[in-house]
Amino acid sequence: MDTDAMTLAPALEMTGIGKRFPGVVALEDVGLRLEPGRVHALMGENGAGKSTLIKILAGVYLPDEGTIRIGGEEVALQSPRDALARGVKVVFQEIALIDEFTVAENLFLGEYPVGPGGSIRWRQIEDEARALFDRVGFAVDPRAKVRDLPVSQQQMVEIARALAKDARIVVMDEPSSSLTPAEVEQLFAVIRRLTGLGIAVLYVSHKLDEIFAIADTVTVLRDGRHVSTKPKAEHTEDSLIHDMIGRKIEALYPRTRGHVPGEIMLSVEDLETATGLRDIAFTARAGEVVGFFGLMGAGRTELAKAIVGFDRIRAGRIEIDGTPLSPHDTATGVRLGIGLLSEDRKREGLMLDLEVTANASLASLPKWAKGPFIDGRRERAAVQDYVDRFRIRTPGLDQPIKLLSGGNQQKVLVSRWLLKGLKVIVVDEPTRGIDVGAKAEIFALIDQLASQGLAVVMMTSEMPELLGLSDRIMVMAGGRITAELDAATATQEEILNAAIL
Amino acid sequence: MKRLNHMLFGGVAALALTAGLAVAETPERIGYIVNYATHEWYQNVIKGMQDRADELGIQLEVRDANLDVARQIAAAEDFMAQGVDVLIITPVNEEGVVQLLRRAGEEGLPVVLEGNPVRGMTTMVAICDYDTGYHAGVAAGAHAMEHLGGEARVMNVGLPLLSATVLRSMGFMDGLQTVIPDAVMVHDLDGGGNPDRSLEVSAAALAQNAEINIIYGINDSSAQGGLQAWKASGRDQDNLLVVGTGGEGLAFINAMETEPAWRIEAAMFPEKVGFTTLDAAVALFNGEDLPEHIVSPTAPMVGDEWQQFYSVEGDVRTINWDNVNQLEAPAACMMTAADL
Amino acid sequence: MSDTSVAAPARATGLAANGQLILLGLLVLLVIGFSLGSAQFFSAENLVAILRQCALVLIVAAGMTLLLISAEVDLSVGASLAFSGCVAMDVTNKTGNFALGAAAGIAFGGLVGVFNGVVVTRLRVNSLIATIATLMILQGGVYLYTREAVQNRHQLPSFTTLSTGYVGPVPIPVILATIVCILAWIVLSRTVAGRSIYAVGANATAARLAGLRPERLRFTLFVLTGLLTGLAGLILASLMNAGQPTAGRGFELTVVAAVILGGTSLSGGRGTILGTILGVLVLKVIDNGIIILRWNQDLQMVVPGVVIILATWLDQVRRRGDGH
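Residue numbers (this note's numbering), protein chains in the order written: chain A, 51 to 551; chain B, 22 to 361; chain C, 68 to 391.
Hints listed in this document are in silico derivations from the structure and should not be mistaken for laboratory results. Where hints are given, some of them may not hold.
[Said to hold, decoys possible] Pair by pair, the computed Cβ-Cβ distance ranges are: (1) C:R220 / B:Q329: 19 to 29 angstroms; (2) B:E116 / C:G372: 26 to 36 angstroms; (3) C:K161 / B:E116: 39 to 49 angstroms; (4) B:P281 / C:L167: 40 to 50 angstroms; (5) C:G372 / B:Q198: 53 to 63 angstroms; (6) B:Q198 / C:R220: 35 to 45 angstroms; (7) A:S376 / C:R220: 53 to 63 angstroms; (8) C:G372 / B:N230: 25 to 35 angstroms; (9) B:N230 / C:V237: 22 to 32 angstroms; (10) A:P377 / C:G207: 35 to 45 angstroms; (11) A:Q174 / C:M203: 48 to 58 angstroms; (12) B:Q198 / C:S256: 52 to 62 angstroms.
No experiment lies behind these values; they were computed from the predicted model shown. Where a beta carbon is used, it is the ideal one built from N, C-alpha and C, also for glycine.
Throw the hints in and build the complete structure from the sequences for me.
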């Protein structure tokens with residue numbers, strides 16, 4: 051790195067950036083300034099313009115107006131190749147590696163060193179990969195096939211690929227979305243190593259705790275406009291949220307429900323499954339939130355799928371409000387009143403092409419039936435009621451649900467269960483991929499569910515969520531429950547200790 | 022002795038076909054590799070061949086290539102290894118069989134082909150497609166002069182994909198025009214040789230050409246499809262003539278019995294093809310001098326003439342050898358695929 | 068994360084309607100073009116001929132539409148069509164009773180559907196593969212059943228009336244197809260079952276989690292498609308006046324092509340009966356027009372192929388135009 055340039059000019063300076071899409075102003079007069087060796091966080095809700103800005107920086111989109119300077123020199127980034135040549139490396143959220151290739155092959159994809167006669171120098175590729183990993187501090191075997199690596203390590207490879215050529219600016223778009231807490235720590239170590247090399251890092255996220263842990267400066271966008279750029283030290287959680295959503299959130303974890311739970315709605319005994327669950331036993335009462343915490347692979351999602359009848363069980367007994375879940379299938383489960391709000395909305399919850407109404411009424415179709423027919427008027431009225439009550443932002447009930455934001459999609463899915471009327475709702479990672487503003491609403495919703503007398507079983511890997519929402523905490527590790535704690539007295543340390551048993 | 026008896030008994034027609042057969046010995050075993058035994062046509066070919074073999078006291082073995090050259094070659098090699106006296110083949114395609122002919126030549130095994138010519142062959146038995154259509158056309162002309170006021174406007178439910186079926190249609194029109202020079206083909210269709218497809222394309226053509234009064238089908242399915250389209254359009258059969266081709270199953274007999282318009286069938290007598298082929302095999306075994314192409318006879322059957330050649334009981338039809346064997350085959354075809 | 072997901076107007080139903088408008092326009096253009104090319108195209112006789120052909124395809128295509136919306140497919144319908152026609156004719160011959168023969172033909176189709184349904188939903192064989200296998204089994208099996216066309220020996224007038232008869236000016240097969248389509252339309256657009264079909268096709272896991280039984284539903288749809296194929300086979304046998312084992316070759320492709328042309332998605336969750344009706348009409352009008360105009364009949368394969376690619380491409384362009 052050129053030390054003189056570092057001190058003289060910012061690594062990147064974007065000024066007056068504007069970008070319009072048909073019918074939408076994605077960015078208007080946005081500026082961004084990155085300093086070498088510093089971590090700059092870019093925050094904002096979905097639709098704030100973060101992605102558009104990154105894509106302009108990556109050379110994917112051309113801005114309609116504004117200038118970009120890299121190292122003080124004005125540049126036009128016409129294509130991703132251009133951006134790469136200028137030392138801008140973007141690590142996108144989706145992992146785009148070839149599963150069947152080795153780590154080293156992926157790293158140098160498309161630019162393999164070639165020997166005489168056109169043969170690829172595999173040995174050289176491997177050596178260079180190893181050298182690169184040493185430089186950034188990764189412990190990944192360059193000869194491993196990508197498909198054999200855990201997602202977190204794939205992410206590391208993705209980052210390393212961005213660094214394979216000399217980088218001056220590294221952009222990371224939601225890099226921690228599929229990482230465990232320990233892996234996030236590792237990621238931060240890598241970022242620190244990058245800044246130590248004088249590289250400017252743009253860290254895009256909406257996880258507040260991460261921002262406070264790693265960023266030096268924070269820029270917030272809202273509705274395509276620049277809201278604030280401040281050193282981290284001048285922000286509090288509240289002020290950041292305020293900047294992002296444009297209003298103050300009263301309380302992230304509201305509590306309207308009482309403290310005395312009711313009857314046992316769900317009881318699970320001696321549960322064992324082919325997916326690795328062993329000796330699972332617990333109960334959940336009406337009006338309480340039972341939070342399940344565990345690291346990746348602890349068995350939370352497996353447990354959620356087993357108790358609603360989706361996954362088969364090998365042994366054990368599940369009762370919903372005193373009635374055994376038998377036969378063990380979802381049709382019976384739903385009839386008895388247990389339902390799952392899946393962690394994977396797109397694959398297991400939403401019917402993306404279908405409209406809001408169809409998505410919302412899916413579990414309650416028999417309710418709207420008149421003989422074999424659907425009473426469309428009553429159905430729509432009921433759905434409209436929830437759209438209003440949950441303030442679901444949609445232009446209408448006929449809007450395809452894929453056009454709604456993640457938070458609004460999640461609210462539709464919660465409506466699906468409320469329209470059916472449940473006794474037990476199992477929520478698996480209820481706020482994954484959801485904006486801060488919408489998160490608070492989801493938390494409020496979960497609280498409301500409990501206060502309406504549902505038993506809520508919540509699976510989460512988010513410690514704040516777990517502590518903020520639960521009445522009782524169950525910690526899982528290796529497919530077993532390793533601790534049961536009272537949320538009022540439980541400490542993070544206690545929980546983590548039980549989770550890594 | 023018994024064998025000799027058989028020969029004397031059934032040999033009359035064979036004598037007419039291949040002079041001098043009576044002197045000879047008969048081969049003991051003949052192998053036949055059919056290309057597609059599922060098809061009705063070949064069922065009947067095998068039937069005729071078997072009839073003749075039984076008569077001559079020859080052991081006939083049949084293998085099915087099922088449209089697969091590799092299977093055809095394998096079956097031929099099997100037969101050679103077993104030491105059959107003569108090999109009869111209906112070629113799946115040219116490439117595979119050329120090679121087989123060379124092998125058989127090296128081993129001195131006589132080979133008779135049925136149906137399709139192949140480079141380097143010495144003996145083939147087949148019908149003449151053009152002649153079949155031609156004679157049916159002449160018969161159709163006579164019918165049209167008598168019943169259709171001398172008018173002949175033809176819808177050809179054809180199959181342009183195959184030269185054999187193209188020859189039939191050409192022959193039909195040429196024969197028809199010898200009687201009615203003004204005869205025209207008003208619509209030349211591709212019915213795919215399938216009954217339902219033929220029906221579909223015929224329905225459209227009939228809607229366009231109200232003046233059609235003769236439907237010619239290159240096989241019975243095609244003629245059937247054309248006729249059913251005619252009926253579905255609500256027309257009556259008073260001024261219509263339907264001519265089918267092949268006569269390999271019961272369909273045409275049923276049609277000639279129940280459909281007033283189906284008056285002529287260009288019959289190809291597949292049983293006779295089998296019969297002729299077996300005789301050719303025996304003659305070849307005896308080292309006789311045979312023409313390269315031995316023609317198996319065909320003939321138009323008008324009205325209830327079919328009863329002279331076939332009798333039907335339930336779902337089984339039986340060929341009347343006495344009458345079929347009296348049919349004369351030309352020495353050569355008027356036109357073949359090579360002339361197209 | 069999509070920055071452009073701000074506001075797009077509600078067009079879920081409009082979307083489908085747009086695609087159908089394109090097809091309708093295409094159909095009108097074709098009809099005008101063919102009529103200009105040859106006056107006979109627009110004759111009553113030809114329109115009846117076209118409708119009768121459409122009816123046969125449409126009866127099966129209605130079932131196929133439901134099946135495709137649920138994200139399954141049945142390629143055995145052509146072979147089943149031929150086989151059930153043979154069964155219908157044979158049983159009518161043997162019993163001398165049209166109702167028994169018809170019931171046997173339709174029931175045979177239904178049994179094929181049961182077989183497909185079991186293989187796909189119980190043995191979990193991909194439906195494309197499973198039904199190609201069924202197609203092969205049926206194509207070979209029909210020859211074991213009958214070597215040649217099953218002739219009409221009963222000569223019952225009702226048997227032929229089924230295909231060539233009229234009620235008023237409308238051919239009976241067209242009436243049957245209309246009834247089937249209206250029922251299918253009602254099921255899809257008005258009933259719990261219809262909504263479940265869309266749901267299962269759009270996201271089977273979500274549907275199952277919501278308490279639906281995707282496998283049971285799909286099984287039912289296989290049987291339904293089978294029964295409709297049996298009905299079509301019966302009509303074809305009546306039209307051919309014989310049970311033809313060689314019939315129905317390529318029929319499955321025509322049916323699937325028409326359904327897809329009508330805007331039904333191969334991946335499930337999307338499709339309408341109206342679209343299917345238009346798809347069938349477009350394909351059959353092209354088929355007929357090429358003969359009426361005396362064009363080379365090889366175009367009967369080429370043109371529909373081109374039309375399907377064009378229509379699907381246009382559909383995608385339109386969807387992209389909507390921003391997603």
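Structure-based check of each hint:
1. C:R220 / B:Q329: 19 to 29 angstroms: holds (23 angstroms)
2. B:E116 / C:G372: 26 to 36 angstroms: holds (30 angstroms)
3. C:K161 / B:E116: 39 to 49 angstroms: Holds, at about 46 angstroms.
4. B:P281 / C:L167: 40 to 50 angstroms: Between P281 of chain B and L167 of chain C, where Cβ atoms are some 29 angstroms apart, the hint is violated.
5. C:G372 / B:Q198: 53 to 63 angstroms: Cβ of G372 of chain C to Cβ of Q198 of chain B: about 38 angstroms, so the range 53 to 63 angstroms is violated.
6. B:Q198 / C:R220: 35 to 45 angstroms: holds (38 angstroms)
7. A:S376 / C:R220: 53 to 63 angstroms: holds (56 angstroms)
8. C:G372 / B:N230: 25 to 35 angstroms: holds (28 angstroms)
9. B:N230 / C:V237: 22 to 32 angstroms: holds (24 angstroms)
10. A:P377 / C:G207: 35 to 45 angstroms: holds (39 angstroms)
11. A:Q174 / C:M203: 48 to 58 angstroms: This hint holds: roughly 52 angstroms between Cβ atoms.
12. B:Q198 / C:S256: 52 to 62 angstroms: The hint (52 to 62 angstroms, Cβ to Cβ) holds, given that Q198 of chain B and S256 of chain C are roughly 59 angstroms apart.
Comparing the model with each numbered hint stated earlier shows that hints 4 and 5 do not hold.
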